[in-house]
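Trainee: Listed here are the chains, written in short residue letters.
There are 2 protein chains.
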Amino acid sequence: MSCWFNPYKPQSTIAISTRIRLARNIMGIPFPSRMSPEQFKTVNDLVRSAICDCEEPIAKNLKYISMNDIPQIERFAMVERHIISKNFASNYQNRAIIISEDESICVMLGEEDHIRIQVLFDGMQLERAYNIANSIDKILCNRLNIAFDSRIGFLTACPTNVGTGLRASVMLHLPMIGDNMKNFSNIINQNGFTIRGMYGEGTKALASLYQISNQKTLGMSENDAIKNLKIITQKALEKENTARRGINKLWLEDKVMRSYGVLKNARLLTSEELLSRISDVILGVGMGVVESKIWPIELLVNTQPNMLMKKLGEMSPKSRDIERANMVRDLL
Amino acid sequence: MSCWFNPYKPQSTIAISTRIRLARNIMGIPFPSRMSPEQFKTVNDLVRSAICDCEEPIAKNLKYISMNDIPQIERFAMVERHIISKNFASNYQNRAIIISEDESICVMLGEEDHIRIQVLFDGMQLERAYNIANSIDKILCNRLNIAFDSRIGFLTACPTNVGTGLRASVMLHLPMIGDNMKNFSNIINQNGFTIRGMYGEGTKALASLYQISNQKTLGMSENDAIKNLKIITQKALEKENTARRGINKLWLEDKVMRSYGVLKNARLLTSEELLSRISDVILGVGMGVVESKIWPIELLVNTQPNMLMKKLGEMSPKSRDIERANMVRDLL
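Chains as they are written, first to last, in the numbering used here: chain A, 1 to 332; chain B, 1 to 332.
So the derived label-pair ranges between C-beta atoms look like this:
id: 1; chain 1: A; residue 1: ASN91; chain 2: B; residue 2: ASN183; range: 55 to 61 Å
id: 2; chain 1: A; residue 1: CYS158; chain 2: B; residue 2: GLU272; range: 51 to 57 Å
id: 3; chain 1: B; residue 1: ASP330; chain 2: A; residue 2: THR270; range: 28 to 34 Å
id: 4; chain 1: B; residue 1: SER319; chain 2: A; residue 2: GLU238; range: 31 to 37 Å
id: 5; chain 1: B; residue 1: ASP330; chain 2: A; residue 2: ASN91; range: 55 to 61 Å
id: 6; chain 1: A; residue 1: ASP330; chain 2: B; residue 2: ASN326; range: 27 to 33 Å
id: 7; chain 1: B; residue 1: ASN326; chain 2: A; residue 2: ASP69; range: 54 to 60 Å
id: 8; chain 1: A; residue 1: THR270; chain 2: B; residue 2: SER66; range: 55 to 61 Å
id: 9; chain 1: B; residue 1: ASP179; chain 2: A; residue 2: ASP69; range: 52 to 58 Å
id: 10; chain 1: B; residue 1: ASP179; chain 2: A; residue 2: GLN11; range: 48 to 54 Å
From the derived model, a few chain B residues whose C-beta atoms are all more than 12 Å from chain A:
id: 11; residue: ASN6
id: 12; residue: GLY28
id: 13; residue: GLU74
id: 14; residue: THR160
id: 15; residue: GLY178
id: 16; residue: MET181
id: 17; residue: ASN183
id: 18; residue: THR194
id: 19; residue: LEU206
id: 20; residue: ASN223
id: 21; residue: ILE226
id: 22; residue: MET315
id: 23; residue: LEU331
Capping the alpha-carbon separation at 27 Å, the derived lysine-lysine pairs in DSS-like fashion look like this:
id: 24; chain 1: B; residue 1: LYS293; chain 2: A; residue 2: LYS255
id: 25; chain 1: B; residue 1: LYS138; chain 2: B; residue 2: LYS63
id: 26; chain 1: B; residue 1: LYS216; chain 2: B; residue 2: LYS138
id: 27; chain 1: B; residue 1: LYS249; chain 2: A; residue 2: LYS264
id: 28; chain 1: A; residue 1: LYS293; chain 2: B; residue 2: LYS264
id: 29; chain 1: B; residue 1: LYS249; chain 2: A; residue 2: LYS311
id: 30; chain 1: B; residue 1: LYS255; chain 2: A; residue 2: LYS255
Source of the hints: derived by calculation from the structure; they are not laboratory data.
Don't be surprised by glycine CBs; every beta carbon is placed ideally from N, CA and C.
Produce the complete structure using the sequences and hints provided.
Mentor: Right under this line is the structure:
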């Protein structure tokens with residue numbers, strides 16, 4: 001089964017993944033922060049029958065799962081696979097998801113809004129992801145009384161989502177922008193987008209993985225938001241590629257092969273070190289310096305704490321560092 | 001050809017090598033610091049004929065070489081192989097050596113004293129080395145008028161060598177004594193011995209290679225000096241072995257295999273980094289954690305700056321870091 005971190009063939013070693021999220025709510029029911037258990041059930045039942053009982057081809061592939069039926073380690077492993085939010089994994093009671101087998105589609109019920117449609121793909125596939133999210137949105141809008149104001153658009157729990165309810169984002173691997181990240185991040189913010197490190201706060205993100213997403217949901221169409229995100233992402237790719245053309249080949253080979261050598265030989269690997277070593281290997285794969293049997297992003301996701309424990313059972317952080325190193329040696 | 005850094009089979013991964021040096025001078029000729037070119041020639045000729053024209057089996061194996069005939073890179077490569085002193089390699093004019101094919105015996109003519117007999121073996125072979133130095137000394141004493149005072153012993157240029165003129169030393173790899181080195185070094189000094197790092201000054205020697213040698217040459221027989229050095233060396237070995245028994249196996253494997261992985265993959269290696277990585281590998285070989293195709297000490301000596309340039313031609317430090325990494329990858 002292929003998914004965003006484990007594509008059949010990676011599209012790009014810079015644009016790692018694409019995410020579309022639409023926030024929707026049902027008229028006449030309070031937002032989740034004020035919902036009673038009965039109201040959670042009402043939302044779950046309404047959305048479940050709207051999607052799972054409809055005849056649209058896309059709905060055939062989707063399965064309703066109560067969050068109560070998912071054990072804690074798997075819930076947080078889903079966070080590590082970017083399928084659900086951390087907050088949703090913690091406050092899971094009465095909640096449910098409607099999810100596709102390859103996990104590219106996941107509808108969270110009872111997160112900050114009643115309904116959050118998420119579509120997640122590898123590489124840069126904004127239109128494809130948006131079209132799928134949109135077709136699920138259409139099913140919902142046709143069958144449910146979705147809260148919508150003709151003047152301002154979709155109503156959401158948080159004012160920052162009011163309007164389109166769309167958050168489109170792209171995860172980029174930008175190891176060579178590095179020192180210029182602060183400048184670049186100012187440009188991004190001035191254009192109504194945000195950039196943040198996927199791992200670690202501040203400008204120096206661990207693993208150099210960054211997520212750029214739109215901020216504006218009001219007074220702008222979905223298509224414009226996506227078009228603008230594509231433009232800003234293109235700028236990031238150009239900046240990164242320009243920096244890569246200036247790399248000293250020997251310095252690069254040394255940096256990449258050292259990290260590769262450590263990954264292939266270490267007996268203890270913390271998540272932090274893994275992130276930084278994997279980042280070097282992704283860069284190396286992108287620059288043709290090293291070949292990796294496994295797409296490094298898959299290695300990164302599969303060795304996150306809960307992903308490890310899902311496979312090998314609950315264990316201490318120290319034991320995880322050992323098992324992480326074992327798994328990395330085996331797979332690399 | 002086997003030599004101290006390239007033995008057929010390493011005797012020990014802690015006791016790396018043994019060195020015996022005897023300082024001798026010829027009566028009636030000033031010490032080298034005050035010698036004229038003619039007097040250098042006189043010393044060279046006297047010692048050359050004393051050794052090379054004699055019928056002793058040991059002398060058959062020895063060859064006289066004028067230092068003028070040895071190019072600069074090879075002179076300093078000899079320093080890196082511990083065959084001659086750095087001072088002798090710099091102030092080489094008018095000087096000569098008498099050396100065995102395997103370089104285990106080297107007699108320097110015109111160093112600080114007229115004659116310095118050096119015998120160098122792998123592992124801990126103090127008696128064997130001393131016996132060989134002694135047999136050469138006997139040849140000299142029988143054929144030349146060696147400066148000797150019946151009350152105090154052999155006369156030497158520096159008062160610290162007067163008496164036996166013997167410096168016996170053992171090179172030890174002590175990575176686990178580490179933090180206790182200062183304490184241990186005090187004990188050694190109190191017993192009339194010195195310990196110093198082979199690479200880098202101070203208590204934290206690069207590569208954890210230390211040389212313990214006798215200080216006392218006056219009022220003590222050669223046999224006692226060697227016996228005491230053996231006792232103090234035994235103490236160091238015990239201390240190191242005790243510390244090794246306390247090592248966490250996983251920590252050790254991680255440390256050793258990381259260094260091994262870096263050596264097998266790096267594209268740039270400074271001498272300093274090589275020393276510290278090789279030290280981990282020697283420890284790993286000693287503890288049975290890693291197998292090395294090449295005895296790491298051989299790798300260490302062969303990748304020293306002048307040893308590299310002797311093989312590959314003169315080059316900049318940066319180029320040496322590249323060639324060092326290439327050689328290490330090839331040999332490991």
